[in-house]
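Chemist: Below are the chains, spelled out letter by letter.
2 protein chains.
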Amino acid sequence: MSTSGHVVALCGGVGGAKLAFGLTRVLEPKNLTLVVNTGDDFEHLGLHISPDVDTLAYTLAGLADRERGWGLAGETWHFMGALARLGGESWFNLGDRDLAMHVERTRRLAAGRTLSQVTAGLTAALGIRHPIIPMSDHPVRTIVQTDGGELEFQRYFVAEQCRPVATGVRFEGADRAWISPALASALVWKKISAVVLCPSNPHLSVGPILAIPGLREGLLALDVPIVAVSPIVGGRALKGPAAKLMAELGLPPGLAGVAKVYEGLISGLVVDVTDEAEAAPLAAAGLPVRALRAVMITDEDRTRLALETLDFARELAARPARAKP
Amino acid sequence: MSTSGHVVALCGGVGGAKLAFGLTRVLEPKNLTLVVNTGDDFEHLGLHISPDVDTLAYTLAGLADRERGWGLAGETWHFMGALARLGGESWFNLGDRDLAMHVERTRRLAAGRTLSQVTAGLTAALGIRHPIIPMSDHPVRTIVQTDGGELEFQRYFVAEQCRPVATGVRFEGADRAWISPALASALVWKKISAVVLCPSNPHLSVGPILAIPGLREGLLALDVPIVAVSPIVGGRALKGPAAKLMAELGLPPGLAGVAKVYEGLISGLVVDVTDEAEAAPLAAAGLPVRALRAVMITDEDRTRLALETLDFARELAARPARAKP
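Going down the list, the sequences are from chains Y and V.
Just so we're aligned, residue 107 is where the first sequence starts under this note's numbering, counting upward by one.
Just so we're aligned, residue 107 is where the second sequence starts under this note's numbering, counting upward by one.
These are computed hints drawn from the structure, not numbers from a lab.
Treat the hints with care, as some may be off.
Unchecked claim - Listed next, the stretches of chain Y that the computed footprint assigns to chain V, with coverage defined by at least 3 CB atoms under 8 Å from CB atoms of chain V:
1) 186–194
2) 204–210
3) 282–288
Claimed, not checked - Here's a subset of chain Y near chain V, in silico, CB distances under 7 Å, partners left out:
4) Leu-151
5) Gly-152
6) Ala-179
7) Thr-182
8) Arg-213
Ideal Cβ positions, reconstructed from N, Cα and C, are used throughout, including at glycine.
Isolated chain Y, as found in the complex (with noise of 0.2 Å):
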């Protein structure tokens, strides 16, 4: 374990996890906060489903299919089978282990416990030491808003599979929501050292956590370094609609649309090693920025990715005048 303080990372999806993964095996479990995107989440077939917190604790507990890209491996889909049979809604794929965990939380949440809560218990189930905060306990819903009018996240993602054309995104509830007491806790208690922008979509997963009222200016109160890492390579997405959704919605394409997004948070950017002649200007600019390989294949590249992004973290940290405005 390498580093001293504690971590914030945020993150969302597939991308986001992956780095989160690597986090985990450079940071003992009181050295990291996962804050985890609930924009997403939805409720479908009366069900309570939070796909970014699953597919990190999927990820993490070593669960997630790696080749589909979602969901658990060895899954089997008799349930759906099931469903269509009998006219259910059928657009959106529940594998029959996945089921479990949407039934039992929100069996839990019914109860009434909080997301938070829930989390913590379902994490800790699989076998996950470190803590999975999500965002906030209140529901905030991502919507997209298109020339077809506006669509729910899932709506938008998974039926429409991104088609229609973006105008803008906003996140219902996000005004009267309050970050979760986890990450209140970590931000006042938790000698903190680095923010991590995991790379997710900045709009889609990192959008609705740092719309979270007070949760921006609470990160950069810290004053220690907010790292994004670039979930745009070669100037597309790796995965998922960012480099579609930020030309549509008029940002500069590529790591200019990324650094455009997060203008005015972010001390340092890690862009691939692809990437490096497209961000000079950007490190021309002002902006620190650092090229490693940022694809991630392997574990093994999880962990190097996660453990030289906290390296530059810490040389920010060090340098005397910083790059924020």
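Given the structure of chain Y, go ahead and fit chain V onto it with the hints provided.
Modeler: Chain V only, in chain Y's frame:
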């Protein structure tokens, strides 16, 4: 199709479903109303589970597991394994495919449809042409009173495996329940020629149906044969706790107990050929008895018993004096 007029059959679990299957093989959908016990229904893991409705539906659809005696043939149990790992309640087994029925039923009920409407939709999706009518759209819950306190039916039947000594049975909510609209409609508008009480537990499966206010009187007012098929063969229930429960409730053992429970209601009793001698005192006391091969192993057994039961009812209707009080 060998009968004239409409038949109303009341049924509960596995044995009842087998005879109901036979009835569907000899009666057109328009000539049969299958009324199912919903006193076993319960909320579990946030899902509305209707065990007897599902047993009947799976049996009629040819999907039931014949060896295990409940649930779907070829079922898998990945959900239960994952649920147990999460520390969820695992005393009630829910198969991966079976789960679709409960999730979709719960969703449709939550959307405001009645249990009758939901059942009609789900059974039609399974290709079932004969109407399956829940006894009531209102919640009625069978409570077994035991020396250790009151137990909801599934707790008694599944979790406790009928071990506690029963002191009584009551049907929570029955006094406020109405019979389901389709049953009321059949009673009023159909030219009913016979009522069949399928070989289900008289107390726990047929009892809740007869506890709905007005139904018992309504059946008697039809002035048609009401024929019960005994679930007790050779002094034992073929399946389930009927014999044990009847003894604990102070009823005579065997057929005499069945006749006692249905006293004042039935105009004839079908018994197994092995019980003909035991049935002689009942016949001597004025209850018409027909000894038939009442153990149903094959589909042919089911169809034959259905035909012969309907024949018995026709003969009873033709008798000048009826053995009703």
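Chemist: To test your reading of the hints: which numbers does this structure violate?
Modeler: 3 and 6
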